[in-house]
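Please put together the full structure from these sequences, using the hints given.
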Amino acid sequence: MSAFIHEWLNLLVRWVHVIAAIMWIGDSFLFMWLDSHLTAPSRPREGAVVGELWMTHSGGFYEVVKRKSLAQGEMPDTLYWFKWESYTTWISGFLLLIIVFHLNGASLLIDPGVYPLTSWQAIAISLGLLPVAYGVYELLWKTPLAKNNRVFAAVGFVLITGLAYVLTHLFSARGAFLQVGATLGTIMAANVFFRIIPAQRYMLAMTREGKPVDTTLGLRAKGRSIQNHYLTLPVLFTMISNHFPSTYGGSKPWLVLGLLFVVGAGLKYVMNFRVNTPPLVWAGTGLAMVGVVFLTRPPPDPALEQFAGKPPVKFEQVASVMQTRCATCHAARPSTPMFAAPPQGVVLDTPDSIRAHADRVFVRAVATKTMPLGNLTGMTEDERALVGAWFAQGGEVPSDAKMPDFVAPPVAAAPAEAPTAGANQADIPESARNYFASVCSTCHGPNGAGDGTVAAALDPKPRNFGDKAWQQSTTDEAIKKIIVEGGASVGKSLVMPPNPSLADDAETLNGLVKLIRAFGA
Numbered sequence: 423m424s425a426f427i428h429e430w431l432n433l434l435v436r437w438v439h440v441i442a443a444i445m446w447i448g449d450s451f452l453f454m455w456l457d458s459h460l461t462a463p464s465r466p467r468e469g470a471v472v473g474e475l476w477m478t479h480s481g482g483f484y485e486v487v488k489r490k491s492l493a494q495g496e497m498p499d500t501l502y503w504f505k506w507e508s509y510t511t512w513i514s515g516f517l518l519l520i521i522v523f524h525l526n527g528a529s530l531l532i533d534p535g536v537y538p539l540t541s542w543q544a545i546a547i548s549l550g551l552l553p554v555a556y557g558v559y560e561l562l563w564k565t566p567l568a569k570n571n572r573v574f575a576a577v578g579f580v581l582i583t584g585l586a587y588v589l590t591h592l593f594s595a596r597g598a599f600l601q602v603g604a605t606l607g608t609i610m611a612a613n614v615f616f617r618i619i620p621a622q623r624y625m626l627a628m629t630r631e632g633k634p635v636d637t638t639l640g641l642r643a644k645g646r647s648i649q650n651h652y653l654t655l656p657v658l659f660t661m662i663s664n665h666f667p668s669t670y671g672g673s674k675p676w677l678v679l680g681l682l683f684v685v686g687a688g689l690k691y692v693m694n695f696r697v698n699t700p701p702l703v704w705a706g707t708g709l710a711m712v713g714v715v716f717l718t719r720p721p722p723d724p725a726l727e728q729f730a731g732k733p734p735v736k737f738e739q740v741a742s743v744m745q746t747r748c749a750t751c752h753a754a755r756p757s758t759p760m761f762a763a764p765p766q767g768v769v770l771d772t773p774d775s776i777r778a779h780a781d782r783v784f785v786r787a788v789a790t791k792t793m794p795l796g797n798l799t800g801m802t803e804d805e806r807a808l809v810g811a812w813f814a815q816g817g818e819v820p821s822d823a824k825m826p827d828f829v830a831p832p833v834a835a836a837p838a839e840a841p842t843a844g845a846n847q848a849d850i851p852e853s854a855r856n857y858f859a860s861v862c863s864t865c866h867g868p869n870g871a872g873d874g875t876v877a878a879a880l881d882p883k884p885r886n887f888g889d890k891a892w893q894q895s896t897t898d899e900a901i902k903k904i905i906v907e908g909g910a911s912v913g914k915s916l917v918m919p920p921n922p923s924l925a926d927d928a929e930t931l932n933g934l935v936k937l938i939r940a941f942g943a
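Numbering follows our numbering, in which position 465 of the sequence shown is assigned residue number 887; successive positions increment by one, without gaps.
What the hints contain is simulated information worked out from the structure, not anything from laboratory work.
There may be inaccurate statements among the hints.
[What the hints assert, rightly or not] Capping the alpha-carbon separation at 16 angstroms, the derived lysine to aspartate or glutamate pairs in EDC-like fashion look like this:
{"#": "1", "residue 1": "Lys488", "residue 2": "Glu468"}
{"#": "2", "residue 1": "Lys903", "residue 2": "Asp927"}
{"#": "3", "residue 1": "Lys736", "residue 2": "Asp822"}
{"#": "4", "residue 1": "Lys644", "residue 2": "Asp927"}
{"#": "5", "residue 1": "Lys824", "residue 2": "Asp927"}
None of the values given here were measured: they were computed from a predicted structure.
Structure, rendered in structure tokens:
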């Protein structure tokens, strides 16, 4: 899949997901509010009336009457259901999980510094966790815990925090937060599909047949609906968490997530009951928020303490780090196949852009170490310290500063039997060598061995140009076609992106073929 198509799929599916989630959560908020504000009927009413509510909105008045059940002849011609909002939210969320975290070799899910998972292992864990978690949830409902909401909530908090702990020790912290959200979103949608809607269908069927309705089914469905309701704000946080690296960039991201679930559920309780909220809920919510702030606080003025007294750092040194570790993604035209445009619109391939984003670079790459993403480009601790010292010294960028040129990889002479016999460094134009260094080496490595800085996150792995069997099996024209049109053009890996600009640059294109052949020496 091309980066362009991937970007648009991400945008469109994410848009649908947000719209559906707004509708689903809005329904949950409305009906919970209605139930908590029902009053005794103001006048005699027929049927099993539980309560009534009057509202004004949009220049009119609304009268809401809630009945526990209906007699056979009272069934209305039109009855509105609330289910597709939840189904659409889950379907779009599941697709988004695949598009964002499973494609491109699960590179956003894997952090080799946390645990050395292969892409298929990470994807298998991610997908397998969804039904397993729902199965565990269903088992809890079959225990006496289901009869005590407070105990059930306490056990749920322990399990969610435990899940966060395990996932943050398997996946990248960013990926773990989203995976927890996807897992709980699956439980919420499954509650609607497998329990709440079937209970309502049963109630309607019994009413139409004039048979007594077992109201305990409705009460159990209501219990699951309430649990869904109190999970809405915590799950909403997981949806937006990737924009706030301070929440997952610390030493205990699992605890931060657990406490934020307490904050979200507590805040929802306060929204429902306002002044009638028990002091214990106020205190618990406030203390959890204090805990989150404490755990996500930055190091005590690291720019002054940690980097004080470091030798002076020149901008050229920092620019070199940005060029090799950051600009593969954060460039006007990213060289990595994972992105069609710079993530978050942050560009770090010019002196002016580095100056403009110096604060963000320091926070993400030095203070929280949440960038580079999964450290795919291999930024070292010395390089982080270098950037930190430069920032602590004022982050000066000279007016005449320039970005360093890419260093071309070493090139071996081609063997006599190669199609480009006699090729040597002089035969390969500088434009081809620089193009390979700036665009191709990210995946294929500086020596064409398929060991570039992002290779570990890609599946299938980049081609090793030193493979003599492959060298003998392909032609120069086939190599040119793949370079210009991408791997998909010849039925190969979709991860290999097209380079259409080379179609009109014969010198660079032919030079790249010579270079690739030379790697097979």
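Each hint, compared with the structure:
1. Lys488 x Glu468: holds (12 angstroms)
2. Lys903 x Asp927: Since the Cα atoms of Lys903 and Asp927 sit roughly 13 angstroms apart, the hinted pair holds (cutoff 16 angstroms).
3. Lys736 x Asp822: Measuring from Cα to Cα gives roughly 13 angstroms; hence the hint holds.
4. Lys644 x Asp927: violated (66 angstroms)
5. Lys824 x Asp927: violated (26 angstroms)
When each numbered hint is compared with the structure, violations occur for hints 4 and 5.
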